[in-house]
Amino acid sequence: MHKNKKQATIIYIFIAAVIIMFLFTPLGKLFIYSIENENGGMFDNYSAILRDKEIITAVINSIKISFITALITTMLAFLLAYSVNCTGISKKTKKVIHIGILVPMLLPTITYGFAIIYSLGKQGLITKLFNREIIHIYGFNGLLIGYVIYTLPMAFLLINNSFDYIDKKYILVSKLMQDNFFRGFINTILRPLLGTIAGAFLISFILTFTDFGIPASIGGKYKVISTYLYQVMLGSIPDFNKGSVIAVVMLIPALVGVVLLKYLERYNFHYDKINKSQLIKNRKRDVILAVISILIIVMITSIFVVMFITPFVENYPYNMTFTTRYFTKTIMSNTVIGVFKNSILVAGLTAIIGTIVTYVSAIINTRSDIDKKLKSTIDFTAMVTNSVPGMVLGLAYLFLFNGSDLKGTFAIIILCNIIHFFTTPYLMAKNALSKMNPNWEVTGELMGDTWFKTIIRVVIPNSLTTIIEMISYLFINSMITISAVIFLVTAKTSLLTSKIKELQHYANFNEVFILSILIFITNITFKILSKIFEDKYIRVNK
Amino acid sequence: MNIRKLLIGVTLLMVMLVLAGCGKKTEQVVIYTNADEEAIEVMKEVLDKAGYQDDYILQGMGTSELGGKLMVEGDKIEADLITMSSYFIESSQKEHDMFKELNFETNSLLSYPKYYTPILANTGAIFVNTEVMSEKGLQLPQSIKELTKPEYKDLVSVPSIMDSSTAWLMILSIINEYGEDEGLDVTKALVENCGAHIESSGSGPIKKVRVGEVAAGFGLRHQAVQDSMEGKPIKYIDPKEGNFSLTESIAVVKKGNEDTEELAMKMAETIIKEARSKLIEYYPVALYDGEQVDASNNPENPKEFGEPLTVDLLEEHQKFFKKAN
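Heads up: the sequence lines are chains S and G, in that order. Residue numbers for the first sequence follow UniProt numbering, so the first one is 1 and each next one is one higher. Residue numbers for the second sequence follow UniProt numbering, so the first one is 1 and each next one is one higher.
For the record, the hints were derived by calculation from the structure and aren't laboratory data. There could be a bad hint or two in this list.
What the hints assert, rightly or not - Incomplete in silico selection of chain S near chain G, CB under 8 Å: (1) 121; (2) 122; (3) 123; (4) 195; (5) 220; (6) 221; (7) 334; (8) 492; (9) 508.
Stated by the list, open to error - With a cut-off of at most 27 Å between alpha-carbon atoms, the simulated DSSO-like pairs for lysine-lysine come out as follows: (10) G:100 x S:407; (11) G:207 x S:53; (12) S:492 x G:100; (13) S:536 x S:94; (14) G:44 x S:341; (15) S:407 x S:6; (16) G:207 x S:223; (17) G:114 x G:266; (18) G:207 x G:153; (19) G:322 x S:64; (20) G:114 x G:44; (21) G:207 x S:329; (22) G:323 x G:303; (23) G:207 x G:322; (24) S:329 x G:232; (25) G:49 x S:492; (26) S:29 x G:76; (27) G:278 x G:266; (28) S:122 x G:232; (29) S:221 x S:53; (30) S:92 x S:373; (31) S:223 x G:319; (32) S:221 x G:153; (33) G:76 x S:407; (34) S:221 x G:136; (35) S:329 x S:341; (36) S:372 x S:5.
From the three backbone atoms N, C-alpha and C, an ideal C-beta is built for every residue, glycine too.
Please model the complete structure; the sequences and the hints are all you need to start from.
If you want it as structure tokens, here you go:
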């Protein structure tokens with residue numbers, strides 16, 4: 001089976017060229033900018049940053065809040081995953097938890113801040129309900145709430161997924177051996193999950209450290225590194241060298257995180273055979289955990305409820321008469337229609353092209369005969385794209401393509417998105433493809449089919465559900481991202497999220513929420529459509 | 001259902017969408033503006049009425065953001081037409097020689113350089129939410145300095161001069177009245193009292209006062225006047241330190257594309273000729289021959305700064321503000 005080598009190599013070269021051009025070159029340029037200096041000293045820019053009190057404060061603030069967020073998120077995510085996997089809570093309740101936790105993933109982070117202000121602020125919906133301000137939300141507290149909401153779904157998915165690989169039989173054994181609760185808990189649940197839990201912590205940390213949307217809307221005086229970078233690049237006295245140094249600094253925790261994640265993989269427990277044994281009945285435990293889990297979900301979703309109320313009343317909170325005036329006016333305006341079209345175009349193209357690129361990369365890696373070393377470079381790329389924060393990538397693009405024809409085009413936004421979101425769809429495809437029968441290609445060849453034909457006739461149809469998931473992932477993430485595109489959008493290529501950022505300037509909450517609803521509805525529709533498509537496909541195949 | 005057909009269908013749909021997005025290739029005039037929402041609404045209205053509704057894209061942004069773009073990008077800027085604080089237009093012209101001379105008559109009261117003409121003038125003032133004031137038992141403040149009293153702790157909101165030109169109106173009042181030294185103490189105390197309510201946008205404070213997040217704020221006078229006329233619990237106060245004003249102007253960027261430049265020029269003319277009657281309602285300062293301002297809209301205590309307003313002076317005052325933080 002050496003026939004595919006040539007074809008695979010050609011595809012490999014093509015993908016490598018794309019990745020060198022749109023990942024490594026921009027990052028290289030960013031690095032050069034960061035050491036470039038009129039006086040010639042290699043690290044003058046860096047030492048200047050070290051002496052800059054404001055930046056140091058921003059970095060320390062970022063580390064502090066990311067750490068606390070990660071701690072809280074990991075605990076909550078574990079609690080939720082435990083409730084879903086190791087209790088006798090009713091199936092329906094579990095489903096509510098599962099769906100409820102994913103709601104924030106359909107909204108851009110920049111919306112969270114506004115939703116928090118209008119839920120928990122002095123005139124907030126929740127504040128009104130309780131008739132007093134629960135906490136002061138500007139700055140640290142607001143950020144913390146936002147970040148936890150933002151990172152919880154990802155951490156939950158990760159831990160929840162790992163619970164599938166835990167053999168619940170051991171829980172029973174431990175109980176039978178009369179271990180006390182903690183001993184049993186530690187040995188049968190915590191130990192095997194340790195790698196994943198640490199992974200969830202790291203992911204929460206990195207996501208928080210690099211997010212731009214939440215501090216942009218609710219940061220107040222609490223300066224974090226991402227808002228600082230934005231101000232340095234787009235303030236009244238832009239400083240490109242300083243900006244690039246901050247961007248490089250922002251890379252560090254992410255890179256450290258990725259290395260740690262790789263290391264942690266070793267600690268992941270693997271049972272050879274998973275037994276689906278009955279859980280021990282414990283009514284008290286179930287009720288308590290169900291109440292806590294539902295409470296968490298209610299708290300998260302209640303923050304977003306306000307988004308669906310304020311744009312539909314005359315003058316929140318003074319005049320609560322229902323009106324569709326704002327909604328119709330916003331939806332009908334030329335600008336919003338244009339921006340909405342732009343967003344759909346970018347998300348749609350990112351989804352299609354991104355799926356092709358990542359799928360092909362995974363095929364080359366799992367189902368071709370090219371050199372192992374070459375294959376591992378694709379994995380390396382996936383690791384790098386995973387660790388580069390969107391804002392840093394966007395900035396790198398701005399530097400590299402500033403003078404070129406790509407500046408101010410949709411193409412540059414789409415390319416940036418594809419590289420930014422490369423990792424997850426690539427891994428989805430890789431997992432699915434490596435699980436398939438490795439002999440298909442051989443069989444195909446014996447039957448006189450070329451490699452391509454086998455891929456198209458056998459491999460692709462068999463991974464259709466994964467492909468749909470990849471498309472859906474890329475589409476939704478392109479709809480909600482702001483950090484990756486904030487330096488790249490122009491008036492002509494403005495997107496819904498960047499428009500929200502712009503509306504913030506006028507504190508126009510009604511329009512902010514209406515655009516958020518638009519994003520939400522679009523994403524939900526996309527999710528439902530892909531589910532319908534998937535169900536239909538699976539049924540056809542059965 | 002045949003999967004292949006469905007797949008082909010979906011793909012075709014996406015392709016059509018893409019083509020629909022890319023196919024339209026008419027050159028639109030891009031307008032960048034730092035103006036407030038009200039002014040943007042008016043500009044849109046008159047442009048649409050003049051039949052330009054599909055010929056332009058209007059992009060609003062903060063003064064410092066647009067200012068940064070002007071100073072860094074020069075005529076490489078995406079915009080064909082800009083409306084912006086006049087001092088920034090002057091400074092970027094000096095740096096890049098990036099604006100075309102206007103080719104229409106304006107009849108302005110004062111004379112301006114040939115490459116710009118004002119669209120509006122902003123005036124600063126204090127405003128309060130009367131409900132919150134009485135709830136907290138606070139007296140109406142008569143000066144910016146009064147807002148530094150301890151009873152206003154966390155109940156005041158002002159814009160930051162790092163991002164907003166409205167904030168400059170306040171800093172000008174403070175420096176003009178108290179000089180740099182005492183002024184710094186006043187600003188320090190004010191920043192302290194604002195806590196988390198230092199806003200990046202000039203309209204930030206009025207929004208916070210409007211919803212009762214804080215009791216008092218400093219911002220654009222006309223916005224408070226408007227609110228109080230609409231029956232909101234808002235009262236405006238002309239501070240003892242004086243009402244300062246800044247003009248925002250319109251200018252056409254030299255982009256080298258004659259058609260768009262000409263279209264942009266026509267739009268500039270439309271805005272100046274048609275929008276003023278409405279703009280003066282929101283920003284009641286007469287700028288052109290024959291304009292009338294309602295007496296109630298005239299600030300009580302108009303003042304002018306001793307030096308010409310330039311970007312350099314702004315940077316100096318930004319440093320002053322930073323020291324107070």
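Now the hints, each set against the structure:
1. With 8 Å as the threshold, the beta carbon of residue 121 of chain S comes within range of chain G, its nearest partner Cβ sitting at about 6 Å, so the hint holds.
2. Evaluation of the residue 122 of chain S hint against chain G yields a held restraint, the C-beta minimum of about 5 Å falling below 8 Å.
3. Because the closest C-beta pair between residue 123 of chain S and chain G is about 5 Å apart, less than 8 Å, the hint holds.
4. Below 8 Å, beta-carbon pairs count as interface contacts, and residue 195 of chain S has none with chain G, the closest being about 38 Å; its hint is therefore violated.
5. A hinted interface residue such as residue 220 of chain S counts as satisfied when its beta carbon comes closer than 8 Å to some beta carbon of chain G; here the least separation is about 4 Å, so the hint holds.
6. Given the 8 Å rule on beta carbons, the hint for residue 221 of chain S holds: about 5 Å separates it from the nearest Cβ of chain G.
7. Proximity of residue 334 of chain S to chain G holds as hinted, the smallest CB-CB distance being about 7 Å (cut-off 8 Å).
8. This hint holds: residue 492 of chain S has a C-beta 6 Å from the nearest C-beta of chain G, less than the 8 Å allowed.
9. About 7 Å separates the beta-carbon of residue 508 of chain S from the nearest beta-carbon of chain G, less than 8 Å, and the hint is met.
10. Simply put, residue 100 of chain G and residue 407 of chain S have alpha-carbon atoms about 24 Å apart, close enough for the 27 Å limit, and the pair holds.
11. Of the pairs offered as hints, the one joining residue 207 of chain G and residue 53 of chain S is violated, with about 31 Å between alpha carbons and a cut-off of 27 Å exceeded.
12. Of the pairs offered as hints, the one joining residue 492 of chain S and residue 100 of chain G holds, with about 23 Å between alpha carbons and a cut-off of 27 Å not exceeded.
13. The straight-line distance between the Cα atoms of residue 536 of chain S and residue 94 of chain S is roughly 25 Å, inside the 27 Å bound, and the hint therefore holds.
14. Under the criterion of a C-alpha separation no larger than 27 Å, the hint pairing residue 44 of chain G with residue 341 of chain S is consistent with the structure, at around 20 Å.
15. For a cut-off of 27 Å, the pair hint linking residue 407 of chain S to residue 6 of chain S is broken: about 35 Å separates their Cα positions.
16. The straight-line distance between the Cα atoms of residue 207 of chain G and residue 223 of chain S is roughly 22 Å, inside the 27 Å bound, and the hint therefore holds.
17. Annotation: proposed proximity of residue 114 of chain G to residue 266 of chain G holds, straight-line Cα distance about 16 Å (limit 27 Å).
18. In summary, the hint linking residue 207 of chain G to residue 153 of chain G is supported, as the alpha carbons are separated by about 18 Å, within the 27 Å threshold.
19. With a C-alpha separation of about 24 Å, the suggested pair residue 322 of chain G and residue 64 of chain S falls inside the 27 Å cut-off, and the hint holds.
20. Among the hinted pairs, residue 114 of chain G with residue 44 of chain G is consistent with the structure: their alpha-carbon atoms are about 24 Å apart, no more than 27 Å.
21. The hinted pair formed by residue 207 of chain G and residue 329 of chain S meets the criterion: a straight-line CA distance of about 21 Å does not exceed 27 Å.
22. Between residue 323 of chain G and residue 303 of chain G, the direct Cα distance comes to roughly 25 Å. Compliance with the 27 Å bound is thereby established for this hinted pair.
23. The straight-line distance between the Cα atoms of residue 207 of chain G and residue 322 of chain G is roughly 24 Å, inside the 27 Å bound, and the hint therefore holds.
24. Restraint check for residue 329 of chain S and residue 232 of chain G: satisfied, since their Cα atoms lie roughly 23 Å apart, inside the 27 Å limit.
25. Only pairs whose Cα atoms come within 27 Å are accepted, and residue 49 of chain G paired with residue 492 of chain S is accepted, the gap being roughly 22 Å.
26. Note on residue 29 of chain S and residue 76 of chain G: the hinted pairing holds, with a Cα-Cα distance of about 21 Å set against a maximum of 27 Å.
27. At roughly 19 Å between alpha-carbon atoms, residue 278 of chain G and residue 266 of chain G fall within 27 Å of each other, so this suggested pair holds.
28. At most 27 Å may separate the alpha-carbon atoms for a hinted pair to count; residue 122 of chain S and residue 232 of chain G meet this at roughly 17 Å.
29. For the given pair, residue 221 of chain S sits about 15 Å from residue 53 of chain S by alpha-carbon distance, which is consistent with the 27 Å threshold.
30. Restraint check for residue 92 of chain S and residue 373 of chain S: not satisfied, since their Cα atoms lie roughly 48 Å apart, outside the 27 Å limit.
31. Pair hint residue 223 of chain S plus residue 319 of chain G holds up; C-alpha atoms about 18 Å apart against a cutoff of 27 Å.
32. As the CA atoms of residue 221 of chain S and residue 153 of chain G are separated by approximately 15 Å, the hinted pair is consistent with the 27 Å bound.
33. Restraint check: the Cα-Cα separation between residue 76 of chain G and residue 407 of chain S comes to about 11 Å, which is no more than 27 Å; the hinted pair holds.
34. Between residue 221 of chain S and residue 136 of chain G, the direct Cα distance comes to roughly 24 Å. Compliance with the 27 Å bound is thereby established for this hinted pair.
35. For the suggested pair residue 329 of chain S and residue 341 of chain S, the alpha carbons sit about 17 Å apart, so the restraint of at most 27 Å is met.
36. About 12 Å separates the Cα atoms of residue 372 of chain S and residue 5 of chain S, which keeps this hinted pair within 27 Å; it holds.
When each numbered hint is compared with the structure, violations occur for hints 4, 11, 15 and 30.
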